[in-house]
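**Student:** Produce the entire structure from the sequences given, and follow the hints as far as they go.
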Amino acid sequence: MLKITNLHAKVGDKAILTGLNLEVKAGEVHAIMGPNGSGKSTLSYVLAGRDGYTVTEGSALYQGSDLLAMAPEVRAREGVFLAFQYPVEIPGVSNKYFLKAAYNAQRKHRGEPEMDAGAFLKFIKEKAKLVEMIPSLLNRSVNEGFSGGEKKRNEILQLAVLEPRLALLDETDSGLDIDALKIVANGINKLRNPTRAVVLVTHYQRLLDYIVPDFVHVLSGGRIVKSGGKELALHLEKEGYGWIEAQSGKSAVAA
Amino acid sequence: MTALLSTGGKSSWRGSAHWDAIRRAGEPQWLNALREAARASYELSGPPHARLESWRFTPTAALAGVDFEPATAPDRLEPLAGRVLCPLGFHRVVLVNGLREGRHEALKDLPPGVKVSGLVEALREEPEVIRPLLELPLPAELPLATLATAHFRDGIVLRVAKNTRVDRPIYLVHQTQTGADGRARAAHVRVIVIIEDGAEAELIEESLGDGSVPFWTNSVVQVILGDNAKLKHYRVAREHESGRRTTALLVTVGRDARYESHVFNLGGALVREDLRLTLTAPGGDAALNGLSLLHGDEIADHHTVVTHDTVGGTTRELYRAVVDEKARYIFDGLIAVSPGAQKTDAQVYNRNLLLSEAASVNTNPEFKIYADDVSCKHGGTIGQLSSEALFYMRARGIGADEARRLLIYAFGSEMVARVKIEPLRVALEAALRLRMPHEVKRL
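Order-wise, the sequence lines are chains W and E.
The first sequence begins at 1 in our numbering and counts up by one.
The second sequence begins at 1001 in our numbering and counts up by one.
These are computed hints drawn from the structure, not numbers from a lab.
Some hints could be false.
Below, in silico cross-link-like pairs of lysine-lysine (DSSO-like), each with a Cα-Cα straight-line distance of 27 Å or less [claimed, not checked]:
{"#": "1", "chain 1": "W", "residue 1": "K100", "chain 2": "W", "residue 2": "K129"}
{"#": "2", "chain 1": "W", "residue 1": "K151", "chain 2": "W", "residue 2": "K182"}
{"#": "3", "chain 1": "E", "residue 1": "K1420", "chain 2": "E", "residue 2": "K1377"}
{"#": "4", "chain 1": "E", "residue 1": "K1420", "chain 2": "W", "residue 2": "K96"}
{"#": "5", "chain 1": "W", "residue 1": "K108", "chain 2": "W", "residue 2": "K129"}
{"#": "6", "chain 1": "W", "residue 1": "K100", "chain 2": "E", "residue 2": "K1420"}
**Tutor:** What follows is the structure, given as C-alpha cells:
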C-alpha cells in the first residue's frame, strides 16, 4: 500500500525528515509516536502534498505509484486521506456542499457518475449518524464556529464519506474528551478492513486503547528509531521518550 | 472638456440648449432659483479631481475625460423582461435615461397609504412636501449632488404613510439606453423616499446599462425614516462596461427606526456611492452591507459617513470587494459619534479579496468619537485566498481551480445570504456565479 524509503524533507531551510523508512500493507494499522518536534506532522503533510514541504531525497510509493509526484487532489482522489490536526474553517462554504464536491470529485476520477444532491443528502445523513454529529452542522460553514470535538468528528465524517484506502490521522485524539474519543475511534474502526490501511500519528498512547495498532513506530529526529508491537506504546507511556532518544543518539554516534 | 462637467469655456452648459429646455419646462420660481444657485455653486467647486480628499484614490477620467451630452428618451424602448434581476410581479417604477417611463410601470395594486410618483408629477401635485426636501442643503463635499440638482429632469418620489406596511418590494429600475449615434450621455436624477412613523417598506433599485457607449447616471437619493420606521434598501448596479454611476445617498433615521442597506456592484466603468446617514433620534439602527465584484478596468468606490447624533444608536457596517485583473476598489467608511451620543454601538469593517497583482484596493474605515461611553470597532483587510483553506480542499480531492472558485464564491455569498427577498437572493447568487473569474490565477 505505502512504501516510504529514505525520505528526507525540509520546511523552508530546516531539515525535518532525515531518512525515514516505513512500509504499510493493506489491512494494517500503524501508530507513529514521538515527542514534539520529531517530524510527525511534517510526515503527514509531505504525504498529503502540502506546499512548503520539500522532499530532498527518498521516495514514497503508494500502490506502486510515485505518491510525491501527484497533486494533493489526485492523492485524495486515489484514496489517500489526511485527517488534519487543526481542521481548517472555510466561511461561506457549507459542510454538505464541501462534502459533495469532494465526494463527486473522487467519483469523477474513477469514471463513476456524480451523485445528485438528493441522494447525497440521504447518504451523508447516514454517515453523520455514525459519528453522532448533529445534522445542523451539515448546513453550517465548514468547521466555522465548531468546537474542537466537532471539528475532529467532522474529519471522521469526511473519512467515512470518502472511504479512503490509506487514512493518515494526524493527532486526531488531541483535545478530545473521552466520549468524543470513543466516537472518533469507533468511526475509524468501522473503516478497518483487509483492503485498507490506517496510519495514526499521535503523541499519546490513549487513542491506542480504542484503536489497537498492529505496529508502533517511534519517530525521533526525523526518522523511525524503533518499531514494535502495541506493547511498545504502553512502554512509551510509562517511560516517556527519553530512553529512546538517548538510545538512538548513541546508535547514531556509533553509526 | 466636458459639456456637463466643465465650469466654463464655450462648451459649458451655461446658456446651453439643455439648460434652456429645463428653464422652459414651466417650473416654479423657487425651483428655478434653486437650480441657478446649484449651478453657481458647482461653478465654484468644479468637478471632482484628485486633489480633493474624497477623490484622492478614485480616478476621475471616466467622468472628466468624457464629453457627456444630456440624455434624452430613447427612440425605441427595450423590454425589461429577461433583463432585470427581480420578478416583474413586484410593484415597479422605471426611469429610462433619467426620465419616468410609464409603459414599464406596474403600480396598479399599490396598497393604500403607499404612493409612488414621478418627481415632475409630485412637484406639480404636492410642492409643499417636495420643496423643503429639494431645498435641503447638500453636503459641500459632494459637488456632483449639486450638479444633479441643477440638471435633474425627473426622478421618483416614494411615500409610505404612517403605520403602513408594503406587501411586497417596490422595484425602481434605472434603465439606460445609449443612442445609435455613439455619443456619451448623462442623466441627472433625484429620488425621494419618505417612510413615515411606524411604516415599513422594501425598496430595490437596480441600474441596468446597455450598449457600449459611455452613459453616466448621476443621482441624489434622499431617504427619510420617521420614528419606528423600517426600510430595507437594496441597490444593484449592473452597468455595462462603459456605464458610469454616481450617487449621493442621504439618509436620516428617526427614533427607534431601522435603515438596512445592501449594495451590490456587478459592473460599470465607475460606480461611486457617497452615503451620508444620520441617526437623528435615540435608538436608531443602521445596517450597511456592500459587495463589489470587479474585473477588467472597473472602479468602484464607497464613501460612507454615518453620524450618531443621539444616544443609543447602532451601526453595523460591512463592505466587501473581490477585485480582479486591473480593477480598483476604494472604501472610506467614517463613523462620527457626536458629543452626548452615549451608548453608541458601532462597527465598520471592510474586507477585500485581491485576485490579481494589477488590481488595487484603498481602504479606510475610521471613527471620530466625541462621546466617552461607546463601543466602536473597525477594521479593514486586503487579502488573498487562504492557502490553508485551499490545501484543505485539495486534500479532499477538490481540484485547485475549483477550490479557488469556491472560496471566492463563498466570500461573496456571505453578503448575498443577507438578502431576505428570495427571488432577489437567487438572482444575485446566479449573478455572483457569472462574475466568477473564468480562470482563477494563482497568486
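**Student:** Are E:K1420 and W:K96 close enough, with their CA atoms no more than 27 Å apart?
**Tutor:** holds, 22 Å
**Student:** Next pair to validate is W:K108 with W:K129; report whether the Cα-Cα distance is within 27 Å.
**Tutor:** Distance ~26 Å between W:K108 and W:K129 Cα, so the pair holds.
**Student:** Holds or violated: E:K1420 with E:K1377, Cα cutoff 27 Å?
**Tutor:** holds, 26 Å
**Student:** Is the Cα-Cα distance between W:K100 and W:K129 27 Å or less?
**Tutor:** Measuring from Cα to Cα gives roughly 17 Å; hence the hint holds.
**Student:** Next pair to validate is W:K151 with W:K182; report whether the Cα-Cα distance is within 27 Å.
**Tutor:** holds, 15 Å
**Student:** Taking 27 Å as the top limit, are the C-alpha atoms of W:K100 and E:K1420 close enough?
**Tutor:** holds, 26 Å
The structure meets every hint from the earlier list without exception.
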